[in-house]
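*Asks:* Each chain, written out:
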Amino acid sequence: MAVIAEPVAAQIKRSSLWTRAFESRNFLGAMFMVPAIAILILFLAYPLALGFWLGMTDTKIGGVGRFIGFQNFVSLSKDSVFWLSVFNTIFYTVFASIVKFAVGLYLALLLNERLPFKSMVRAIVLLPFVVPTVLSAIAFWWIYDSQFSIISWVLIKAGLLTHYIDFLGDPWNARWSVVLANIWRGVPFVAITLLAGLQTISPSLYEAANLDGATNMQRFRHITLPMLSPIIAVVMTFSVLMTFTDFQLIYTITRGGPINATHLMATLSFQRAITGGNLGEGAAISNAMIPFLVAAILLSFFGLQRSRWQQGGRD
Amino acid sequence: MTTVDDQSVGMDYLESFPRKFLRVYLPLGLIILFLLFPFYWMAVTTFKPDAEMYDYEKYNPFLIAHPTLEHIKKLFFDTDYPLWMWNTVIVSVSSTFISLFASVCAAYAIERLRYKGSRYVGLAIFLGYLVPPSILFIPLAAIVFQLGLFDGNLALILTYPTFLIPFCTWLLMGYFRTIPYELEECALIDGATRLQILVKITLPLSLPGVISAGIFAFTLSWNEFIYALTFISSSENKTIPVGAITELVNGDVYHWGALMAAALTGSVPVVILYSFFVEYYVSAMTGAVKE
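Going line by line, the protein sequences match chains A and B. Reminder that position 12 of the first sequence reads as 12 in our numbering, one-by-one numbering, no gaps. Reminder that position 129 of the second sequence reads as 444 in our numbering, one-by-one numbering, no gaps.
Keep in mind the hints are simulated off the structure, nothing from the lab. This structure is a prediction, so every number in the text was calculated from the model and none was measured. Check the hints yourself; a few may be wrong.
To be verified - Derived list of chain B stretches under chain A, where covered just means 3 residues or more per stretch with a C-beta under 8 Å from a C-beta of chain A:
| no. | segment |
| --- | --- |
| 1 | 344-357 |
| 2 | 384-398 |
| 3 | 469-479 |
| 4 | 484-494 |
Said to hold, decoys possible - Partial pick of chain A residues on the chain B-facing surface, computed with a CB cut under 7 Å:
| no. | residue |
| --- | --- |
| 5 | R25 |
| 6 | I41 |
| 7 | W153 |
| 8 | F247 |
| 9 | Q248 |
| 10 | G276 |
| 11 | G282 |
| 12 | A295 |
| 13 | A296 |
Quick reminder that beta carbons are idealized off the backbone N, C-alpha and C, glycines included.
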């Protein structure tokens, strides 16, 4: 494609400061960044900093707080409900993430097969991710109803049970129930992103492995998994991040009950800060989530680096 | 990046149907059943009269004997639901457009103007993507209150871009990177300004990226919950997710029919939009992760 510029006589006027500024990359760049940066500083960076500050004050809704140092954290460390919420959050994240990864990877491998109506199947699989979480959580709430649960009804009809399961009334039932709802909502994201990763793996690798007589399992272990590991790391970081800070599912299905058995740190901070009015204490709980999040991000980031290095180092 | 459409392994065609059924179709079918069942249950409950909904002995719960629109009628005429839907539309459309505008400018500057420090700004914006709303909503509530935006659409229109801009910018940076530099150089030589280049060359060429970002941003704002729950207090200003969960439950009385109707009708618009733009949606979702 040859676009030939007309030879323009070099008649460069001494341009004004204004026009020269508009030719400078740095000035133009700054101008282009203004809308994004303004919004992000005002509503992202500033609140993040304000959150740190609020966590060290005793601010109530509608009042001015006083700086009290780490007192919020000291009182939280003696608060059994807080520790229960930490336990619940870790439990919820660990189990939901493991299952989401396993089922998601399996589903991605299945979708990567030769299938009729492939694109339609893929579109259907993604539905739980597209639909507003709160609205699908309402459906789960109804599915888990203590008197009219369809799961209980089916199990009783099948002769496996004699009475209805109290899904949301018993602490452990409730924990597993919300984990299941979270898995339902998270699997499509993991599956579709891993599928996109699978499709970038060159078929020639599999052909070569076939010629060398590799079994299905060997192909998966020595081609699919190593080639996929960078994207697995990214997907799982996002998945862990979203699960750890989840709020909607719990708030809709259990509101933290029964007796705080499903309170996550996010729902507890909402309860203390907005429902209870103790902004300072709620902010302190939110801040307590940050070290876990940073650890999760770093872990997967370095996990990613290591697997890349392994890929280069092994053949 | 080469996308290989079908990479199923070599001698696949030799596999007999029963074997493939057991290995692929059956597990796939079960997983899809699991993923779709809540939607089916939502739809069935929406159109079921109360008498059938609470009587599993006389009626098979999986079927509807006498379909009714009574729950949907109740939802649309006896509650503020139409207002919630209107609010959700206004908030989602406005915040999507604000975010797209800001992100297009930012991504173009980072990727193409390459001003001093643009790499670091790009990285910082990506880190912004990792800050979850659940740790921002408390300080944001304080700010929204101070600015006098509390309990209004503007509170949501201005705060949603905080999670949309990082996502859209990151996605668009990837798209802009794929456009050959030479095109811009030609335009520069022909005397086009940077703004003309952006509007007449870069944007049209990265239209799929802009659409992907827009669709994704729209559904993200349609689905948003925690900010809307925190910043809005009066019923007529709520969005669908918040209205459904707070206004349709009177104490211990759950209006399951109306709740399911709200869940169903609140999901339908995003599902319709999604079904028209599946490819864009998927590319947005996977594109942002793969970068």
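*Asks:* Does the closest beta carbon of chain B sit nearer than 7 Å to the beta carbon of A/A296?
*Replies:* violated (10 Å)
*Asks:* Double-check A/F247 for me: the hint is only fine if its C-beta lies closer than 7 Å to a C-beta in chain B.
*Replies:* holds (5 Å)
*Asks:* Between the segment 384-398 of chain B and chain A, see if three or more residues pass the 8 Å beta-carbon test, and mark the coverage as holds or violated.
*Replies:* violated (count 0)
*Asks:* For the hint on A/R25, just tell me whether its beta-carbon gets within less than 7 Å of chain B.
*Replies:* The hint holds - A/R25 has a Cβ within 7 Å of chain B, the shortest such distance being about 5 Å.
*Asks:* Per the coverage rule (Cβ-Cβ under 8 Å, at least three residues), is the segment 469-479 of chain B covered by chain A?
*Replies:* holds (count 4)
*Asks:* Report holds or violated for chain A covering the segment 344-357 of chain B, Cβ cut-off 8 Å, minimum 3 residues.
*Replies:* holds (count 9)
*Asks:* Interface hint check: A/G276, Cβ to nearest Cβ on chain B, cutoff 7 Å. Holds or violated?
*Replies:* For A/G276, the interface hint is violated, since the closest Cβ of chain B sits about 12 Å away, which is over 7 Å.
*Asks:* Using Cβ atoms only, decide whether A/Q248 comes closer than 7 Å to chain B, and label the hint accordingly.
*Replies:* Holds. Min distance 5 Å.
*Asks:* Taking 7 Å as the limit, does the beta-carbon of A/W153 come near enough to a beta-carbon in chain B?
*Replies:* holds (6 Å)
*Asks:* For the segment 484-494 of chain B, count the residues whose Cβ lies under 8 Å from any Cβ of chain A; is that count three or more?
*Replies:* It is violated: at least three residues are needed, and the segment 484-494 of chain B offers just 1 whose Cβ sits closer than 8 Å to chain A.
*Asks:* Tell me if A/A295 is really an interface residue toward chain B, meaning its C-beta lies closer than 7 Å to one of theirs.
*Replies:* violated (13 Å)
*Asks:* Would the hint on A/I41 be counted as holding, given a Cβ-Cβ threshold of 7 Å to chain B?
*Replies:* With a minimum Cβ separation of about 10 Å from chain B (threshold 7 Å), the hint on A/I41 is violated.
Of the hints listed earlier, those the structure fails to meet are numbers 2, 4, 6, 10, 12, 13, in rising order.
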